[in-house]
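Novice: Each chain, written out:
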Amino acid sequence: MGAPRIVPTRGIPFPAGDPSLEPAEERAWRQRLLERALEAVSTAVHAPTLFEVK
Amino acid sequence: MARIVHYLNQFFIGAGGEDAAAQPPSSQAGAVGPGRRLAQLLGDEHEIVATVSCGDDDAAGRPEAIAEIVALIAEHQPDLVVAGPAFTSGRYGLACARVAAGAKAAGLGAVAAMHPDNPGLDEAGGAPVVASGEAARLMGPALDTLSAAVKKLLAGEVLTDADGLVGLAPRRPRMAERTAAERAVDLALTRLGGDRDATEVPLPRFDRVTPAPPIEDLRDATLAILTEGALVPDGNPGALESARATKWLRYSLEGRDELKPGEWRSVHGGFSTVWANEDPHRILPLDAARRLERDGAIGRLYQEYLVTAGNGTSVANARRFGVEWAADLRHSGARAAILTAT
Amino acid sequence: MLIRSIHTVRGVGTGGATEWRDGTLTVSAEEAQALVAAPSLAGVKVSWASPGDAVRIVKVLDVVEPRSKGPGGGGVFPGWLGPSGPRSGRLGGPAVEGPTHVLRGAAVVVAGYLPRAQEAVIDMSGPAAELSPFGSTHNLVIEFTPAPDADWADVDDALRRGSLALAARLAEAALDAPPDEEETVPDPGPVEGLPRIGAVTNLQTQGVFKDVFVRGESFNGQAPALIDPAEIDDGAVVSGQFGHPSLRNPTWVHQNHPIAGALRARHGKDLAFAGVVLSPEPVSASEKARISAAAAQLCAEAGFEAVIVTKEGGGNADADVALKMDALEDLGIAAVGLFAEMAGPDGTGPPIVVAPEKATAMVSTGNYDTRLDLPEMERSLGGEELALLGVPATSAMQLPTAVILASLGCLGGGRLTCAQEA
Chain F
26 MGAPRIVPTR
36 GIPFPAGDPS
46 LEPAEERAWR
56 QRLLERALEA
66 VSTAVHAPTL
76 FEVK
Chain E
791 MARIVHYLNQ
801 FFIGAGGEDA
811 AAQPPSSQAG
821 AVGPGRRLAQ
831 LLGDEHEIVA
841 TVSCGDDDAA
851 GRPEAIAEIV
861 ALIAEHQPDL
871 VVAGPAFTSG
881 RYGLACARVA
891 AGAKAAGLGA
901 VAAMHPDNPG
911 LDEAGGAPVV
921 ASGEAARLMG
931 PALDTLSAAV
941 KKLLAGEVLT
951 DADGLVGLAP
961 RRPRMAERTA
971 AERAVDLALT
981 RLGGDRDATE
991 VPLPRFDRVT
1001 PAPPIEDLRD
1011 ATLAILTEGA
1021 LVPDGNPGAL
1031 ESARATKWLR
1041 YSLEGRDELK
1051 PGEWRSVHGG
1061 FSTVWANEDP
1071 HRILPLDAAR
1081 RLERDGAIGR
1091 LYQEYLVTAG
1101 NGTSVANARR
1111 FGVEWAADLR
1121 HSGARAAILT
1131 AT
Chain D
35 MLIRSIHTVR
45 GVGTGGATEW
55 RDGTLTVSAE
65 EAQALVAAPS
75 LAGVKVSWAS
85 PGDAVRIVKV
95 LDVVEPRSKG
105 PGGGGVFPGW
115 LGPSGPRSGR
125 LGGPAVEGPT
135 HVLRGAAVVV
145 AGYLPRAQEA
155 VIDMSGPAAE
165 LSPFGSTHNL
175 VIEFTPAPDA
185 DWADVDDALR
195 RGSLALAARL
205 AEAALDAPPD
215 EEETVPDPGP
225 VEGLPRIGAV
235 TNLQTQGVFK
245 DVFVRGESFN
255 GQAPALIDPA
265 EIDDGAVVSG
275 QFGHPSLRNP
285 TWVHQNHPIA
295 GALRARHGKD
305 LAFAGVVLSP
315 EPVSASEKAR
325 ISAAAAQLCA
335 EAGFEAVIVT
345 KEGGGNADAD
355 VALKMDALED
365 LGIAAVGLFA
375 EMAGPDGTGP
385 PIVVAPEKAT
395 AMVSTGNYDT
405 RLDLPEMERS
415 LGGEELALLG
425 VPATSAMQLP
435 TAVILASLGC
445 LGGGRLTCAQ
455 EA
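Residue numbers (this note's numbering), protein chains in the order written: chain F, 26 to 79; chain E, 791 to 1132; chain D, 35 to 456.
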């Protein structure tokens, strides 16, 4: 829909989570997600860009 | 001699750019900036008696601003209030539209000008909106359209799409000169000739948003977390709708490092909220955001989160929320935001 | 090549014999009633309603233009008055060669109760008269009483056969009269250097009382097909569709196919009239998508460079136009669609129920919801009461444009449109 910076996540009902993981792993996944988001806002973009979490 | 008051933002009156976006409403005599060219085009029968201005963040972000602007305008007893052109500037467009709507509600004639993709398009209440191009370099043609519309309105005439009328103006029946079949043949030839925009029925298209420049140093910046996952305090005290939301809400995060299950829930009607209610951080990642703060990756976390329900939200409302959130956050000093979308 | 011999109707009346003299059509009521009579009809009555009369016709069913190619019809309304004739010409061509005689300015109108028919109105004077094509025609109105215990489907069939036979009989009266005009109608085909523009005509085929027939057979479940527009002139498409009054296309409208007419008028000048494709309007979304893709493919194979798509019906039918427009654009064919708006009585609602996603060129044929203040009338035909409001049919009343027959001109024959105003 035109949003310039997008970090894809793992599920609509849990955008910042992953219930298939153990709690500690899920928190670690969430941290990586936010860190990737910070990278995205620090990156120049010219068109809608996906920033995948590694 | 028709009396006109012109509404412009901080940039067009020459007060500055983003740095002056927080300026409160103010008034000055006569025409200013592009108003001068507008006055020339309008000629001797019309006078721009005053120019009222406001910073875009203030106008679009502070709830009382519009009423104050309209009060300043009304002091000059105008026959018509002219707002813009706002081109594609979202906050400015919202402000122009709301000023026009407020003026109309106060019994004054009003017209706004902006690009048809401007989020303010549908906010002008009963006031007409005429089209401008995308950017200020198209001021010339925008003022031509606007001045012609102003003259017509002051002459008591009705505006139509031929005058550049856009937005929610009602569609009224009329008898065309030629049959629909004849017009369809013309439209087919026009389209074959390369004009792929020509149509008798304009429809909203999804907007392209200009990306914000990257943050230079996050370690000094305030980050906000937002969600359209409808996460609200248990009991939904703000009565956020589960679908077709007409509003957004804010809740304080001060003193909180985490969201306890049971104290928060998602009222989003578009997905199963079981996982969200089990662990609210799956919707609003407060724990991870506080960690970023503690680790120094960001300067600070903004002390509130903004929330709505992104379920069947109308395009107009979604656009409006986005512009209001931006205005609100900028007003509060946030430089970056992470929105969780469901 | 189709030749139309146009006989302009200037006056009408009833008399001892059906005849055409000096622009006046006289009809023998006895003969007319006998032509329509059938076992499923207990009684039939015919009367005239002319433009300017203080007459309201309610419960209108089909409307047919008097046309004939010879005694007994001579090949018009194939599949009804006679067998679907031998094929000739590029696509089959008209069933029979020779001029088609037209009584222009007259129409046979069937009016009365049928189940599932949505009440349709024609006013012969007042503000609604110009909104229906039939407010300007001299209408020979057939009113009927069903036979006791008659099956409604049989009543419907009898009325259809009767009205088509009567329409042919009326035009037959002018066969030997010198025409007021002779129109030579070009065949579709390529013209060197000119863009090829065709038409896709969607027919709402939804079963009994909501069906459209091609050469005497229901078009329900058929695949999109090319048809020689000359066949349509000669009555190959007959309407049994009694749904949305403002949004349906009576037989008369097909006979005078406005899109074909507008394209033919410019054939050889700035465009080449490329042809007509008929398509059903399926009910399910997946079928709509499949038929739309098939119709677009057919247009591509036929060499159409641009297509004007029309519909029949309400918001559901918008999807058929929108899908076809997008399918055509996907194949690189420029698409234009005709849509009626449902913008609410004050015109501020979202105008189009289902809009195309990629295609953008849309023509507006007016607003379904616009309210009309209609005057009291002296006489009504088709019924004593307007069932929609439960008032006498002759009362002054307020009706939405939705109720006036063919007022939103789905095939483009009207000048009603919408524009934004503030």
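Think of the hints as simulated: they come from the structure by calculation, not from any bench. Please note: incorrect hints may appear among the correct ones.
[Stated by the list, open to error] Calculated pairs, EDC-like style, for lysine to aspartate or glutamate (alpha carbon to alpha carbon, straight line, at most 16 Å):
#1 D:K392 x E:D987
#2 E:K942 x D:E455
#3 D:K303 x E:D987
Novice: Okay, which hints does this one fail, numbers in order?
Specialist: Of the numbered hints given earlier, the structure breaks just one, which is hint 3.
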